[in-house]
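Participant: The primary structure of each chain is shown beneath.
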Amino acid sequence: MLAAFGAHSGYILASYAAGILILGWMILRTWRGHRAAQARLARLESHKQ
Amino acid sequence: MERLLALANPARFNALVDRLFWPLVGATVLAFGYGLYGAFFTAPPDYQQGETIRIMYIHVPAAWLAMFVYAGMCASAFGTLVFRHPMADVAQKAAAPLGAGFTLLCLVTGSFWGRPMWGTWWEWDARLTSVLILFLIYLGIIALWRAVDEPGRAGRAVSILTLVGGVNLPIIKFSVDWWYTLHQPASVFRMGGPTIHPAMLTPLFVMGLAFLLLYLVLLITRMRTELMERRAERLTILAASRQGG
Amino acid sequence: MRAITALLIREITLARRIGAGAGLGLMFFLILITLVPFAIGADQRLIGTLAPAILWLGALLATLLGLDRLLQADEDEGALDAMLMSETPLILLLLVKAVAHWLVTGLPLSLAAPLLGVMLALDPAVMLPLALSLLIGTPALTFIGLIGAALSVSLKRGGLLLSILTLPSAIPTLIFGVGVVKAAEAGREIATPLMLLAGTSLLALAIAPLAAAAAIRLARE
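Protein chains in written order, with the working numbering: chain A, 1 to 49; chain Z, 1 to 245; chain B, 1 to 221.
Just so you know, these hints were derived from the structure itself, not from any lab. Quick caveat, the model's predicted, so the values are computed rather than measured. A portion of the hints provided could be inaccurate.
[Said to hold, decoys possible] Calculated cross-link-like contacts (lysine to aspartate or glutamate; reagent style EDC-like; alpha-carbon spacing at most 16 angstroms):
| no. | chain 1 | residue 1 | chain 2 | residue 2 |
| --- | --- | --- | --- | --- |
| 1 | A | K48 | Z | E233 |
| 2 | B | K182 | B | D123 |
| 3 | B | K156 | Z | E150 |
| 4 | B | K156 | Z | D149 |
| 5 | B | K156 | B | D76 |
[What the hints assert, rightly or not] Between beta-carbon pairs, the in silico distance windows are:
| no. | chain 1 | residue 1 | chain 2 | residue 2 | range |
| --- | --- | --- | --- | --- | --- |
| 6 | A | R43 | Z | H197 | 47 to 57 angstroms |
| 7 | A | I27 | Z | Q243 | 31 to 41 angstroms |
| 8 | B | M27 | Z | A71 | 38 to 48 angstroms |
| 9 | A | A17 | Z | Y37 | 16 to 26 angstroms |
| 10 | B | R2 | Z | L238 | 16 to 26 angstroms |
| 11 | B | E87 | A | A36 | 48 to 58 angstroms |
| 12 | B | E87 | Z | A8 | 28 to 38 angstroms |
| 13 | A | R32 | Z | Y37 | 24 to 34 angstroms |
| 14 | B | G187 | A | W31 | 53 to 63 angstroms |
| 15 | Z | H197 | A | W31 | 32 to 42 angstroms |
| 16 | B | M27 | Z | R12 | 50 to 60 angstroms |
| 17 | Z | A75 | B | P124 | 47 to 57 angstroms |
| 18 | Z | R12 | A | A36 | 21 to 31 angstroms |
| 19 | B | A82 | A | R32 | 39 to 49 angstroms |
Don't be surprised by glycine CBs; every beta carbon is placed ideally from N, CA and C.
All chains, full assembly: derive it from the sequences and hints.
Facilitator: Shown next as structure tokens:
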């Protein structure tokens with residue numbers, strides 16, 4: 001299938017790989033940050049009680 | 001306007017986020033699916049560039065978002081400084097790393113596109129330089145967020161920096177125009193209407209929408225996170241003062 | 001008016017006493033100019049070609065050096081609070097501080113540049129355009145730096161942050177400044193790029209005191 005994209009297929013692949021990496025990292029960081037904050041808040045609120 | 005003021009209440013905001021989150025995620029997935037399908041299968045190869053034009057479907061939406069997010073941050077900066085809207089600085093803080101990410105993606109994919117097309121990974125032409133500087137300004141904004149401890153003060157400082165940086169951007173674009181331009185001139189948002197083939201335009205806009213939806217999903221999540229972190233900070237301080245007192 | 005003159009004189013005297021002024025900046029400038037040929041190698045022609053760029057970069061970095069002291073010393077002494085409460089508008093006070101900074105930093109640099117250019121095999125024909133470009137452009141650097149200084153005052157690692165905040169905004173000034181010299185080298189008239197440079201400095205002069213005053217005020221709330 002790569003061959004179907006011609007001589008510059010490597011660059012196309014690299015671009016979309018960069019997209020997956022960078023957008024994926026943004027998604028991951030966001031998700032992890034959310035989970036961590038949730039956990040921390042839950043801990044603090046249970047201590048309050 | 002009243003709606004915006006209503007959102008100043010974090011509880012209301014959280015409720016809104018709860019309602020919107022999964023529909024937005026669904027819409028994002030659909031848009032990416034449809035857009036990528038269009039980018040690879042429906043859209044024709046370019047007359048001059050061949051298959052490499054496919055990079056456009058990720059490079060251009062990234063560029064659009066890089067600038068859109070900054071414009072959003074400028075609007076929020078107004079919200080913080082002029083209207084003192086409590087959620088405005090939360091929005092700014094959440095947006096900055098996302099905008100930086102889109103800008104980085106734009107630069108990287110642009111480099112991968114430039115190499116086969118122009119024979120070079122990088123050039124100091126008007127567009128590339130302006131985007132690189134936009135990236136540096138984003139980094140400066142993120143650095144300032146981290147440097148100031150107190151959230152209110154940080155928000156105000158960053159708002160000033162964001163607005164000054166905003167003034168800077170047209171100047172940079174404008175000043176570097178006297179250099180030779182390797183980058184393609186505007187072909188979508190221009191006076192005479194788009195010059196791109198309609199079969200390419202649709203996947204491009206769908207991908208643009210997909211990026212926008214992804215940004216919104218990540219933005220509201222990060223805003224939620226920020227609100228939780230601030231509440232956690234307050235609880236920590238309360239607990240400490242109770243123990244000490 | 002008299003109050004402003006008095007303030008100006010005081011600022012200049014202080015700056016020179018602290019040594020953040022002419023002495024330190026020029027010394028840094030000189031050291032940088034000395035280092036660069038070692039980094040480039042013994043290629044006289046290459047050094048001469050790069051000379052305007054080296055001098056402009058040197059001026060930029062030397063200006064940056066003195067900037068965090070611009071407001072930090074006042075903040076440490078509590079003089080910043082006094083400025084906030086004085087009758088004279090804060091914007092005006094900051095304007096005067098910046099002008100004093102330029103008189104003690106940018107101005108000597110601009111005058112010294114052609115001389116240092118000799119060390120860098122600078123083409124004599126462009127010495128005057130270079131000096132003019134620095135003279136007109138370094139105020140922009142000082143004023144842009146004022147904004148960064150106000151934003152980063154009393155922060156940890158403020159100096160480093162100041163550089164990160166200031167440098168992207170200083171790029172147009174750098175572009176226009178070197179543009180003047182390039183025009184002179186190409187035999188074109190330099191009035192237009194000089195006007196652009198002047199415009200940048202004026203814009204910076206107009207915006208910076210406002211933004212800096214806002215930054216200082218809001219940091220105190």
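Participant: For each hint given before, does the structure comply? Return the numbers of the non-compliant ones in rising order.
Facilitator: 10
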